[in-house]
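Chains as they are written, first to last, in the numbering used here: chain A, 1 to 241; chain B, 1 to 175; chain C, 1 to 91.
Derived from the structure by calculation, the hints contain no laboratory data.
Treat the hints loosely; a few may be bogus.
[Unchecked claim] Okay, derived cross-link-like pairs now, DSSO-like style, lysine-lysine, Cα gap no bigger than 30 angstroms in a straight line: (1) Lys147/A <-> Lys116/B; (2) Lys37/B <-> Lys149/A; (3) Lys101/B <-> Lys147/A; (4) Lys32/B <-> Lys65/A; (5) Lys110/B <-> Lys99/B; (6) Lys37/B <-> Lys65/A; (7) Lys149/A <-> Lys32/B; (8) Lys105/B <-> Lys116/B; (9) Lys116/B <-> Lys101/B; (10) Lys106/B <-> Lys116/B; (11) Lys99/B <-> Lys116/B.
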Amino acid sequence: MGTIFEQLSGTLTHLGEKQIVTFHLGSLQLQFDKAAMIMSWIVMALLIALALFLRRALLQDVEDKPNRVQAALDALIDLLQSQLTANFSSERLGNELFPFISTLFLFVLFSNWLGVIPGLSSPTQDLNVTMGLALMVFATSQFLAMKAKGMKTYWKGYLEPMPFMLPLNIIGELSRPMSHAFRLFGNVLAGTILTTVVMAKFAPIIVPSILNVVFGLFFGAIQAFVFAILAVAYINVAVEN
Amino acid sequence: MSVDWGKIVKSINWTLLMAGVINFGLLLYILKRLLFKPALAFLDRRREQIAARIQAARVSETQAQQLVVERESELRQARERIEGILADARREAEALIAKAKSEAKKDAAKIVADSKHRLEQERDRMIHELREAYAEIAVLGAERVLDREIRIEDHRRLLDQLMEEINEESLRIPS
Amino acid sequence: MLQEAQAVASGISGADIALAAKYIAAGLCMGIGAIGPAIGEGMAAAHALDGMARQPEMQGALMRTMVLGQAITESTGIYSLLIAIVLLFVV
């Protein structure tokens, strides 16, 4: 009884120190930064390797019969286009933002999946990373809104329907990147916490590994899809209204 | 034990956040240059080519359909012409047969008429000859009568007998 | 925590009560906070299934919209999770 308590408590406090360390301005902060940065770089390296691999498909002539790599590339791009960028209100916007949304999706997907590998952790279970991504989506949506509507209409939009609604509008606008970032962060972190707690509580390795696969692979993919499609929805709303 | 929200907000590591943003920007740039731009261009090129091929196929299909329609109309015309020719030939054949039949009938009638005519002529000739023969016989009989000085009754009886014989003989001639 | 458990055995201090309150609050926060999103997501899934059964050709769009709606519904659950984590590790 005592050992289980000790283990659980140790895991949770360790998790807290490791993940929530940015809430304290502690001495461990630097170490934690390093880990998140290294995980991000691993994800980037994986994605660039994937890009280099898929790039081989483009070497052959258009006339030739598609080979396997090209079929994979076709499937990937078709998936991204039909599921994500097809939801944009205009086709031009979808084509313009296709690289951004696709990179967002692939980065978050690979980040979530990285946590499945023992010894590695997801960069997305760090609030700073998700907040950075969400703020980028926010900045993109505001920039596109300014471009689409013009400065005057854009700033006037904050005074509608009544001028005294200004603070509410600003809060509403700012709450989007917040919830966007917290959603991904919370989901990934919840998966990690649950897996760690179960791993500390139950000795058989099979249960936590199944949980790990479910949370890491399945929920990871769903959360990556949700993150990307919410980015699409936020940009759509910002450009339209 | 109260939550210091200001501390929490301040404690979000802005340097790490900016580092993450720069990382992502770099990744976006690399992936765009390396994969997305060429891949989209490639797919566009292929889509255009497929569209061009579909267009070409559609054109050749319409041409083929036109050809088929033309062939069918030609075939129909040929069939109609053949049927016309056949009908003409049949009509001509029927006319020929009818003509031949009528001619044959006419010929047969003519032959029958001719043979009747010839028979009649023959009979007449034979009757004539018989008459001449009877005349000679009568002359001969007269000579014999004169020789034997037969009485008038005998004479008449002989003549009657003769006439009867002549009539019987003449009736016995086939018509 | 082991020392705390031993302290409980010897005598209860104010800090112990606060610690216990923290854990109870975190558990209640997560447990009650999960009810709303659970019901909401279930309703979204049920109605999406209804729609899919009625119009199978709309499956893709319905699925996408359902996942998006569920993700937004989940926000409140995520907020309660964050509050629970703050209660556990920060307060």
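Hints and how they fare:
With a CA separation close to 126 angstroms, the supplied pair lysine 147/A and lysine 116/B exceeds the 30 angstroms bound. For the proposed pair lysine 37/B and lysine 149/A, the alpha carbon gap of about 27 angstroms is at most 30 angstroms, so the pair holds. This hinted pair does not check out: lysine 101/B and lysine 147/A have alpha carbons roughly 104 angstroms apart, beyond 30 angstroms. For the hint pairing lysine 32/B with lysine 65/A, the CA-to-CA distance comes to about 25 angstroms; that is within 30 angstroms, so the pair holds.
Distance restraint check for lysine 110/B and lysine 99/B: the Cα-Cα separation of roughly 16 angstroms lies within the 30 angstroms cut-off, and the hinted pair is therefore satisfied. Restraint check for lysine 37/B and lysine 65/A: the C-alpha separation of about 21 angstroms stays at or below 30 angstroms, so the hint holds. The straight-line distance between the Cα atoms of lysine 149/A and lysine 32/B is roughly 27 angstroms, inside the 30 angstroms bound, and the hint therefore holds. Between lysine 105/B and lysine 116/B the alpha-carbon distance is near 16 angstroms, which keeps this suggested pair within the 30 angstroms criterion.
About 22 angstroms separates the Cα atoms of lysine 116/B and lysine 101/B, which keeps this hinted pair within 30 angstroms; it holds. With a C-alpha separation of about 15 angstroms, the suggested pair lysine 106/B and lysine 116/B falls inside the 30 angstroms cut-off, and the hint holds. Simply put, lysine 99/B and lysine 116/B have alpha-carbon atoms about 25 angstroms apart, close enough for the 30 angstroms limit, and the pair holds.
Of the numbered hints given earlier, the model fails hints 1, 3; all others are met.
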